[in-house]
Structures are given as C-alpha cells and as structure tokens.
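Colleague: Protein chains in written order, with our numbering: chain A, 1102 to 1493; chain B, 1102 to 1493.
Calculated directly from the structure, the hints in this document are not laboratory data.
Just so it is clear, the structure is predicted and the values come from calculations on it, not from any experiment.
Among the hints, erroneous ones may be present.
Copies of the same chain look alike in the list, so a pair counts if it works inside one copy or between any two.
Here are the simulated lysine-lysine pairs, DSSO-like style, with alpha carbons at most 30 Å apart [said to hold, decoys possible]:
{"hint": "1", "residue 1": "Lys1399", "residue 2": "Lys1452"}
{"hint": "2", "residue 1": "Lys1154", "residue 2": "Lys1272"}
{"hint": "3", "residue 1": "Lys1255", "residue 2": "Lys1189"}
{"hint": "4", "residue 1": "Lys1125", "residue 2": "Lys1272"}
Number of protein chains: 2
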Amino acid sequence: MNNFTFCSPTEFVFGRGTENECGKYVRKYGGTSVLIIYGGGSAVRSGLIGRCKASLAAEDIPCEELSGVQPNPRDDLVYRGIEICREKGIDLILAVGGGSVIDTAKAVAMGAVYDGDFWDFFSGRRADKALPVGVVLTIAAAGSEGSADAVITKTEGMLKRGSSSPAIRPKFSILDPELTQTLPAYQTACGATDIMAHTFERYFTNTKEVEITDRLCEAVLLTMVKETPRVIADPDNYDARANIMWAGMVAHNNITGVGREQDWNSHGIEHELSALYDCAHGAGLAVIFPAWMEFVYKHDVMRFCQLATRVFGVKMNFADPEATALEGIKRLRQFLHSIGMPINFAELGAKEEDIPVLVEKFGIGDGETGGFVHLKAADIAEIYRIAAGARL
Amino acid sequence: MNNFTFCSPTEFVFGRGTENECGKYVRKYGGTSVLIIYGGGSAVRSGLIGRCKASLAAEDIPCEELSGVQPNPRDDLVYRGIEICREKGIDLILAVGGGSVIDTAKAVAMGAVYDGDFWDFFSGRRADKALPVGVVLTIAAAGSEGSADAVITKTEGMLKRGSSSPAIRPKFSILDPELTQTLPAYQTACGATDIMAHTFERYFTNTKEVEITDRLCEAVLLTMVKETPRVIADPDNYDARANIMWAGMVAHNNITGVGREQDWNSHGIEHELSALYDCAHGAGLAVIFPAWMEFVYKHDVMRFCQLATRVFGVKMNFADPEATALEGIKRLRQFLHSIGMPINFAELGAKEEDIPVLVEKFGIGDGETGGFVHLKAADIAEIYRIAAGARL
C-alpha cells in the first residue's frame, strides 16, 4: 500500500426534506450573503429553489441567483458568477443541482477571491483559497458534492479541463434522495454509469495488496449493480434512490482510492466525446469504459477476473482466465445496455471519422498518459475504434 | 434508509515514517504548547516518543509528557492530564498510542476547557468544546483515531462509561503501519476482534434496504478475515498491517453505520467483563459476540445468512436457513479461535458465578436496552451463560 493522506471534512446531511435545512447550514458555515447557482427551470417549477430561498429567508440571509448552468458547464457562466460575487459581496455559494452546477459553483468560489483569470486553476495552478461552497444535490452522479474536484469547459476551443484543491470541497452537502425521483430514466442511468466509472478509475491499479480499498470499490459497484435496475423500473423507489445517492458520494470522495495509483484515462478519453458532441458524460463513459477494458485487460488478467467474479457473478474459468476477464467486461456492457445506456458511437451520436480530431484534442502528441496502462495517441485512437464498433 | 448526518473531518496521514511529520501537523492545527500522552515504556524504548519529540522540536513547539495509560484507561490519569494542561497552558493534546491513550487524551481535552468535573461528559452531558487532539496511532483496534467517542473507567466502582461529541474527533491522525509490527500476536488479534465487532454492531440492524452500508460493512469484514491470519503468521507483513490499520479507521468513523439503527449491546455487555476482570476489550468481545449472535439470530435469520454467505463463504442452505445462520456464527468463533482469541469464560479468565454481578453492574434493572433486539436483564444473563460455556 502506498503512503497517502485522506481528509473529507464535508458535513453531509442526508434524507427526506433536508433541503429545508439549507439556511441553517449556510448560517453554520458563515454565510451572510449567498449566491444560489442552479440549472434550468425545473428546479424553479418543482419548487426546490423556492424552498431553499425560504430556508435562507428564515435565517434572514439575503441571496442572489445565477441560473442556466448546462451539462458540460461553460466558462462564460463562471465569469458572470464571479462578477455577481464581487458586486454583491457574496460570502458563500449555494449550488442547487448536480455535478455541472456544483462544479460551476466551485469555479466561481475560486475565481471570486483571485485577482487573475479563474481559468488559471484549470490550467495547472492550484487554488489555495475559495469562498465556502454549500450543496443541495439533485442528481446522483458526479460525486462533486464530496470531492475536491471540478470540471469546466472553455467555450473557445471546447477545452474540457479539471481543477482540484481542498479549498473547493463543499463545507456541507444536503442529499435528499426524493429530489432525484423526478429524474428521467436516461439521466438516472447516466449518473449511475458515472458513479461506477469513478470506481473503476480507482479499481484498476498497479499497486498490489490494497485489499481494503478493493473491497470498498466492490461495495460501491455491487450496490450500483443491485440498485440501478430497481430505480429504472420504479423511479419512485426511495430506498434504491438513497443507496445510489450515497454510493455516488462514497465513489468519489476518494475513500475508494487511497493507498494506490489510479488511472483516469477513460475519463480523459470520454471528456473529448462530451466536449465535441455535448453528449452526457455518463453516456460517453458507458461507451468508453468497456472499450478501454478490452484494450488493457491483458495487462493484469487476474484483476479483471477479480472484478468479473466478485461484482458480476462470473464463475472463474481456471483453464482460461482470459475468458473470465472478458466475460466480466461483456457483463458490464450488457448491464449498461440494460439500463438504457449507449454502447457504441452510433448509439451515442458520435462518428468514427472524427477519431483523429478526438485524439488530437486529447492533446498528448508524442507523449503518453499514465495510470494502470500508459497510453500513447495510437492507443487512444484504438480505444475510440473499439468503442465505435462495440456490440453486445 | 433513515435520515442521517455524517461528518468525518479528521486529516489522516497514512504510511511509513509519517510519525516524523507530527510536528508539522501540530503546527497546522494551531498547537504551540503540547501535552504528549502515552502508555508504558515500550513507546520510549522503541524510540517513537523520541521521534515525536524531535518532530515537535523541529517546529520549536514545547511539550509536556503524561505516561502510564493502561488498557481500560482510568479517570485518575485524566485528572492529572487536566491539571498539567491548566498549569502549563497546553493548547493541543498529542496522543501517541492506541485507543486507551487516545480516549484519555480526548477526556483530558474536554476536561481542560470545562469548569466542572470531566466525568460529567461520561454521565450524559455532551461536550461542546475541547482542546484539539492529534494522534500517532500504534495499535489498529479501537478506531478512536477517527471517531467522536471515548471510553473511560472510573476507578471508584469500576464504572466503564462512554462519551461522544464532534468536539473530540481528532484534528489529525498519523497512521504508520510499521509501528504495529512489533505488537504481540495476542494484542494484534484483540485489535482485529475489536475492529470486526465495531462492524457487527452496525451490521445488525432493523433498518431495511441499506445495501451500500451493508456492503461497506462486509468490505471491512472480508478484509479482516483475509488479513488477520497473515499478520498472525507474519508480524512484519507491512501490507497486511496496513490493510488492517485502515480498516480499523473505516470500521469506526461511522461510514459503515449511516442510515440505520445500530445495536451496541455486545459492547456494553463486554465492557462489564473488561471492567471486572481487566481483560483486553477485544478478548472479551471474542467471547461475547458469538454468544450474542446465538441468542438473537432468530430475530432475523436472513441477515445472519447474508453474513454467513457473503463474509464467511458458507453455502446457503435453502431447505434450512437457520443452519446457514448458525454455520456463519460457528465460522466466526472458529476464526476468532484460529487467531488466538478466547472463546469462553474459562479461556478469558472470567467466572460463571460472577454473572449476577456482571448483570447488576450492567445496570438496566427492570428496563431494557435497545438495538437490533431489545434485551432485558434476564436476556443479558443468558448471553453471559452462553458465552461462559461456549465450545468450538
């Protein structure tokens, strides 16, 4: 096991009706003037924004609003948020939404207390301070409610880039599974895929002997395999929604990743798809992850056998371990298909002829990108090709 | 799933040599005058206390020392620690040891900023403030390095009582698995038993549909079942030590307990054994937990079947589920025996004729104690009787 540090100080408030306590938690974490950031009109129409504002009003906390965050959130809205913070003396950002809203809030929080361009933090600079961020989560997916990470797309050049700093971990995150019950099946499945992908990125490692972290990863995956079909079949299943919502946090606050090298190449490879086609991140991952697995599995057949047997219930084929490994990947793809996810470029709306563009945007030139298996540009092109033509 | 809040803000610093960074973390968390609390001479002889003091000296942080903490730590040392804090203007407590040392440090931390008797916090009063506590952990067992809990024994009347407050969660905990490599096999096994018991107390619940928490519990248990025999056979196995050390934290910062009712009756029943006989807490748990299971399993046979099949590899007997449940309990007792733990009163050094005394000290009179199964005094007596006569 490798040396590591782990600190997840976010206060999680979980369960029915907890969004009505957001004013109390804003007060607890020092907010006296709040910017609420959210996405489209559904959060208004459902009454959620109204409930959050009422909870703030009950604590006599004034608020501004910034709406219109889209999936694959853009830099322009971040700049507007930073302006509002400076003009109105905002001292806490309340994100009401999913990963895109939270990541926008995190970027605003960094930019509002920084003299330069916030994009610096998405170009390698590490933020050492930010306004406090609170969250009311509406989608189980990104894990941003408990993570130190944010991903923003720069409209100019469609560059999708990440930033990471302890300063942007939310101070509190309110998770009410009921808020996810109105989510359409497709978005629910995209979120579930993202949660599983966050776990796979950590599961595939060259670090030996990290049994506890392996088992924690498998705990998340087993939960997702059990609960996701239940919410697809019955969107109002509160307990299944609750299990998925908490698994989404556990999958990405890094408790499932400590003590080991991680991979993250599949996320990078997917990011070019969602940046170019504006498809859902989860849908892109459903296409990319099994393809990446098929490309790399020979690097550590036994690790893929472990996944296949412990998570997907495959019987170990001792005469032909590779068959076990491949059967596990096949079951993953079948699972993703069963919950309504695309499994190849055509179903995603991507085009095989764009592969050179995707590889170029990935931008490693003659270099390579590290992780479980080091990949060069030609490897990434091959993974896109496997993904393009994948079948059940 | 039940509503819950979860907040585990402790900064964990894990791996080889990390104790040499303790001065840096004391500084980070505001310590300018430190009280180091530890147990016996072995921490001095091994050079650990010296290394910690050197790390403090490198940051120009002065320190006082309080040694002599014993297993089942007593109130008298807490009073001495509080005195030192007041006389010397201590502003951070550094616990160098296992659960007994950490719990002593937590009690001192509460008492030092309280005008009354610290024992109030072990008699139902909740602490709202405490001096910051840092930890250098030397035994994987109690989980106190990541918990909000402490247990102290009052010498007068041998009362063993607990206290819980977010104020006593350690600010930082340094976990170097190498420090546990010199631990004798018996203490190693006692620690492993305690870790498993912390998980069982949360696993046995009447709350339905908490799959993610079940799976996280099983992740800890599977890790312990794999790694404990390895460290008993090879005390210097760093990776096995590391997995157990991190599992011990995960088992007790409550990530394995959220969203559900918990039990904790076995811990209470054991506390009377270690208070009366001064035996190791883990050894007492090895005797009590299987006995408690045999007494309560009919309350939810399927939950015991889940444990038996998922953790102990028992094949499900669909014609006779009770047989599966009982086989799981049998395997647990065999496992505990295999790592050198006692399995009945005789092996523990307890006496069946003391059962009335134990039950009286437990102190529920005509009432009952809640959890998975509500127990009355007669039930507790029966659990002690099962434990007294247990065989493989």
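Colleague: When no copy is specified for lysine 1125 and lysine 1272, does a C-alpha distance of 30 Å or less occur within a copy, between copies, both, or neither?
Modeller: Intra 13 Å, inter 24 Å, cutoff 30 Å: intra and inter.
Colleague: How would you label the pair lysine 1399, lysine 1452 (within, between, both, or neither) given a Cα cut-off of 30 Å?
Modeller: Classified as within; 27 Å inside a copy, 59 Å across copies.
Colleague: For the identical chains here, do lysine 1154 and lysine 1272 meet the 30 Å Cα criterion within one copy, between copies, both, or neither?
Modeller: within (19 Å within a copy, 34 Å between copies)
Colleague: Since the copies are identical, ignore which copy is meant and state whether lysine 1255 and lysine 1189 lie within 30 Å (CA to CA) inside a copy, between copies, both or neither.
Modeller: within (25 Å within a copy, 56 Å between copies)
Checked against the numbered hints above, the structure violates none of them.
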